[in-house]
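Engineer: Here is what each chain is made of, one letter per residue.
Protein chains: 4
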Amino acid sequence: MEDSQIYQTKRITIPEAEKILGQKFKCLDDGFVYLVDYMGGDQSIVQAARVSYGTGTKKIQEDEGLIRYLMRHRHTTPLEMVELKFHIRTPMDCWRQWIRHRTANVNEYSTRYSVAIDSAQKTPEDEWRMQSTINKQGSSGFLEESKGKELSKKEEELHKLSRNLYEERLANGIAREQARKDLPLSTYTEAYWKIDLHNLFHFLGLRMEPHAQKEIREYATIIGEDIVSKVAPIAYRAFKEYGLNSTRLSELDILGLKRYIKGEDPQKLAEEIFNNKRERDEFLIKLTKFKD
Amino acid sequence: MEDSQIYQTKRITIPEAEKILGQKFKCLDDGFVYLVDYMGGDQSIVQAARVSYGTGTKKIQEDEGLIRYLMRHRHTTPLEMVELKFHIRTPMDCWRQWIRHRTANVNEYSTRYSVAIDSAQKTPEDEWRMQSTINKQGSSGFLEESKGKELSKKEEELHKLSRNLYEERLANGIAREQARKDLPLSTYTEAYWKIDLHNLFHFLGLRMEPHAQKEIREYATIIGEDIVSKVAPIAYRAFKEYGLNSTRLSELDILGLKRYIKGEDPQKLAEEIFNNKRERDEFLIKLTKFKD
Amino acid sequence: MEDSQIYQTKRITIPEAEKILGQKFKCLDDGFVYLVDYMGGDQSIVQAARVSYGTGTKKIQEDEGLIRYLMRHRHTTPLEMVELKFHIRTPMDCWRQWIRHRTANVNEYSTRYSVAIDSAQKTPEDEWRMQSTINKQGSSGFLEESKGKELSKKEEELHKLSRNLYEERLANGIAREQARKDLPLSTYTEAYWKIDLHNLFHFLGLRMEPHAQKEIREYATIIGEDIVSKVAPIAYRAFKEYGLNSTRLSELDILGLKRYIKGEDPQKLAEEIFNNKRERDEFLIKLTKFKD
Amino acid sequence: MEDSQIYQTKRITIPEAEKILGQKFKCLDDGFVYLVDYMGGDQSIVQAARVSYGTGTKKIQEDEGLIRYLMRHRHTTPLEMVELKFHIRTPMDCWRQWIRHRTANVNEYSTRYSVAIDSAQKTPEDEWRMQSTINKQGSSGFLEESKGKELSKKEEELHKLSRNLYEERLANGIAREQARKDLPLSTYTEAYWKIDLHNLFHFLGLRMEPHAQKEIREYATIIGEDIVSKVAPIAYRAFKEYGLNSTRLSELDILGLKRYIKGEDPQKLAEEIFNNKRERDEFLIKLTKFKD
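Protein chains in written order, with our numbering: chain A, 1 to 292; chain B, 1 to 292; chain C, 1 to 292; chain D, 1 to 292.
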């Protein structure tokens with residue numbers, strides 16, 4: 001490698017990313033996402049990938065093609081060369097899901113050191129979601145507004161009561177670490193969250209998809225559509241095409257699709273191939289993607 | 001390596017550990033810790049360490065000496081060869097701290113799939129802790145019982161109210177993922193938690209020490225004293241001597257202690273060495289460990 | 001959760017796995033893989049998954065269906081509850097690829113402490129592989145044996161010479177840590193390697209597939225087919241169907257396949273959809289999976 | 001938190017770090033280290049730490065005191081908010097140790113894709129190190145030059161021979177992935193290596209210390225002294241005082257030192273306290289730090 005040709009003496013700067021530094025992206029009723037800092041972009045992915053190729057192949061591939069190739073073939077280590085740092089404000093309930101992604105660096109607001117943020121996520125009267133009957137962990141449709149109004153009112157009362165009790169404890173001199181114990185999960189917290197692009201795509205792949213809970217999906221969508229799309233636009237587009245909007249076909253799915261293409265009846269072939277009802281149904285749903 | 005000598009054809013079994021499998025260790029008012037499974041013990045640490053030495057040194061070191069040597073010199077990779085799996089029940093507030101340890105495997109009870117556990121941690125009237133005045137994140141002493149009684153009563157009311165509202169939401173058909181949003185942080189959750197011994201010692205080192213919050217300290221102490229002490233007794237003892245109960249002396253601490261040993265006045269030498277008041281005070285506190 | 005129902009007071013034992021503990025699986029000319037220890041199996045995956053469901057759903061799902069469901073929907077955390085420990089002997093060149101998987105615990109034979117293992121991987125005269133012309137990082141076909149004989153002879157001489165020089169250095173009293181510096185990459189090393197099932201499947205997914213280098217593919221295949229298939233047979237089968245032998249279709253692939261099903265000419269539609277020649281070619285290759 | 005006060009709309013720029021971007025730091029005979037990119041510095045540590053404190057405490061602590069406090073009390077998460085990216089060239093033998101640090105992002109030069117770098121680390125005739133007699137994994141002193149001359153000559157011949165054989169294989173059309181198998185471990189490789197400051201300090205703590213092998217110690221020292229000292233000077237100084245140059249005293253060490261301070265005879269008290277000869281000797285060596 002002729003390293004003299006490779007080395008910039010400046011950090012990679014992404015003009016589109018610079019524009020959104022310090023810009024507040026609002027989320028839910030009182031949450032937000034900031035891009036606080038970033039390291040690298042599409043260019044850093046290419047730079048790192050090319051360390052593998054040495055001088056010889058340097059000119060052959062062009063950037064977009066290379067990034068798409070990496071995404072397609074799961075050569076994900078060059079994506080780890082881009083890093084993003086966010087400041088977020090989100091309800092603790094949402095944060096409980098967020099923090100499960102272990103490959104990030106985290107600094108959370110401490111309610112041992114400081115008084116808890118005086119804000120809890122409120123549910124508008126027309127946004128109470130009904131339990132899904134087909135998806136045990138999902139929701140579907142909304143409660144009628146007249147009933148929702150009642151629930152929202154009671155929610156507000158509970159928030160007020162919980163906060164008052166919290167403050168009464170503090171006024172009694174109770175330690176913050178203990179006084180906080182009955183705050184509702186809807187209480188907002190804040191955190192710095194720093195992650196590399198590969199792991200961020202993993203997060204977005206799970207949290208932008210329709211099965212993710214609505215609240216975290218809103219955050220993930222902002223992070224993807226409004227921020228990552230600026231920091232690494234080529235990689236982000238490739239992530240959507242090859243990741244988020246792609247479909248995985250299992251061995252049996254491939255067999256099923258093959259027989260469907262030959263003209264067999266989908267219902268009948270599915271029954272022959274899939275013993276398990278749930279797998280069969282999922283295959284038939286998948287199949288609709290290939291029809292009009 | 002003469003591998004024929006190394007290989008057992010059975011898993012390493014620790015009789016003391018077998019006895020506590022499936023045994024419930026109670027914690028707080030309604031929490032618990034179970035040892036669900038384990039892989040290896042002191043013997044596995046030795047086995048792994050010896051892969052480094054080859055045949056030649058196999059007989060020279062005896063097990064305890066070797067394990068203590070590894071702990072003393074931060075050769076921690078052999079400790080990673082032991083794995084423990086727990087089932088715990090803990091308040092969500094405590095879990096929020098627990099989950100910050102990223103190097104474990106976790107399966108938590110899902111309140112999207114299932115109705116939330118109907119139990120929240122209650123504070124007895126004589127266990128309301130006062131805010132520490134010297135440690136911004138700690139507590140010190142207790143609230144007088146007459147006042148504590150009042151707080152405990154209000155706590156109970158809040159728990160009842162929160163739960164009722166949660167169940168009212170469910171009765172209205174609201175999705176579990178949303179209905180849960182205002183549960184108090186004191187609500188119990190459960191999880192499988194699996195971790196290797198090296199990372200477990202890191203956890204215990206931070207969570208058994210006096211500055212850790214009382215609630216998580218109780219869990220950590222049970223895990224250490226009642227469970228790890230059975231699975232890997234030699235390593236656990238070494239962890240306490242070289243880790244938990246050890247003291248780190250900084251460059252300036254070493255200098256200060258040296259001058260103290262020569263007979264200088266501690267207050268005066270501390271003022272000369274440490275510009276920062278807080279560092280100076282911490283040095284003087286450390287010094288008391290070396291006096292009677 | 002009625003925990004009394006869940007808890008075994010013994011570790012989960014897999015009879016098929018017990019049979020292969022301490023059994024040597026040979027690999028390459030002088031390498032091996034041992035299963036040294038394991039924690040859990042299919043049953044542990046189910047056990048952990050059910051902590052999510054609580055009592056209510058405990059009887060509804062049967063084990064195989066549940067495991068397959070988890071694999072299909074990337075609910076991978078229960079897979080992390082199974083742990084396997086191996087002892088392997090592999091050439092350093094192969095180990096260089098192996099160690100790139102960062103989510104494992106590792107104890108490698110130390111050539112600072114001990115004299116390097118006196119064995120280097122030899123290439124039989126009919127196994128010199130030719131550079132692939134279509135895959136820059138692959139091989140394809142073999143060198144004719146007469147030439148291979150020559151190369152194998154020279155290889156043997158180089159191994160002998162390198163070893164002699166290594167031993168000459170040691171005889172001169174040179175430190176092992178320095179004497180080793182010119183050992184060939186083909187020199188065998190040994191290691192304990194411990195990993196959870198989720199991360200092991202990730203490893204196998206990358207290393208059992210045809211593009212992986214032949215040497216590591218041999219190890220991965222033994223680990224998968226001879227060992228994991230015994231420890232967690234249901235999960236392993238699901239991994240093959242949903243992971244290893246599955247196909248991912250990108251947004252554009254789905255579009256292309258849809259048009260193909262409608263009867264459009266594959267070559268023509270591919271040209272319309274894919275700007276990039278490489279992507280187009282890969283689509284056309286993928287398409288052959290759905291024809292006879 | 002009044003976020004409007006916190007947010008810069010520009011990335012944190014460290015003038016001293018900017019100066020060394022793209023500057024080559026030579027190491028060994030043909031290796032190097034470049035700082036390719038960085039994210040944040042001392043200021044980012046403070047920024048992240050303060051998310052814990054909220055508005056109230058913002059003005060009380062000054063930066064240096066806060067960073068030193070964090071280092072002293074193992075509050076290491078704010079250190080993870082700084083990220084550094086290096087391009088290094090190092091012998092594969094050294095890289096084998098380097099890569100054991102799992103918490104970094106890595107892109108290594110691929111000898112499957114490209115012809116191996118034509119350079120191997122050479123040992124000058126006066127730098128052949130003798131095996132340490134007290135430290136089984138270390139070296140101590142040098143071989144006399146007349147003998148060293150002979151070893152260096154043979155080393156050069158071996159390098160030449162190995163390279164010739166490698167190129168002969170390539171000339172025969174052998175796949176690069178196989179042709180490389182007998183390259184000496186001294187062959188140079190290159191990599192991008194990206195890591196956060198907390199994990200970098202862990203690396204430096206192990207690799208800058210006297211027991212680390214000389215080769216990797218040279219790299220670590222350059223990274224610490226020439227690069228990290230520029231990117232985060234306050235944190236680096238604190239790392240040296242509280243980490244690298246600190247001493248850990250075990251429970252028994254503390255007891256021993258206490259008795260020594262009271263005037264007891266070191267040899268005698270050590271014999272009473274430490275059963276294990278090795279521990280005793282290490283205590284006595286430690287004691288010399290507190291004498292002149």
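These are calculated hints, taken from the structure and not from any lab test. Values in this document were obtained by computation on a predicted structure and should not be read as measured data. Some hints could be false.
Restraint-style ranges between C-beta atoms, simulated for each label pair [stated by the list, open to error]:
no.: 1; chain 1: B; residue 1: Glu251; chain 2: D; residue 2: Asp265; range: 20 to 30 Å
no.: 2; chain 1: D; residue 1: Asp265; chain 2: C; residue 2: Lys19; range: 58 to 68 Å
no.: 3; chain 1: D; residue 1: Glu168; chain 2: C; residue 2: Asp226; range: 57 to 67 Å
no.: 4; chain 1: C; residue 1: Lys153; chain 2: D; residue 2: Glu144; range: 28 to 38 Å
no.: 5; chain 1: A; residue 1: Gly65; chain 2: C; residue 2: His211; range: 12 to 22 Å
no.: 6; chain 1: A; residue 1: Arg237; chain 2: C; residue 2: His211; range: 16 to 26 Å
no.: 7; chain 1: C; residue 1: Asp226; chain 2: D; residue 2: Pro233; range: 46 to 56 Å
The C-beta atom is built at its ideal place from N, Cα and C for all residues, glycine as well.
Engineer: Compare the structure with each hint and give your call.
Structural biologist: Going through the hints against the structure:
For the pair Glu251 (chain B) and Asp265 (chain D), the beta carbons lie near 28 Å from each other, so the given range of 20 to 30 Å is met. At roughly 60 Å, the beta-carbon separation of Asp265 (chain D) and Lys19 (chain C) lies within the given 58 to 68 Å, and the hint holds. Between Glu168 (chain D) and Asp226 (chain C) the beta carbons are some 37 Å apart, a value that contradicts the proposed interval 57 to 67 Å. Separated by about 37 Å at the C-beta atoms, Lys153 (chain C) and Glu144 (chain D) satisfy the suggested range of 28 to 38 Å.
Under the hint 12 to 22 Å, the C-beta atoms of Gly65 (chain A) and His211 (chain C), about 19 Å apart, fit the expected range. Checking the proposed 16 to 26 Å range against Arg237 (chain A) and His211 (chain C) shows it holds: the Cβ atoms sit about 25 Å from each other. For Asp226 (chain C) and Pro233 (chain D), the Cβ-Cβ distance of about 54 Å falls inside the hinted range of 46 to 56 Å, so the restraint holds.
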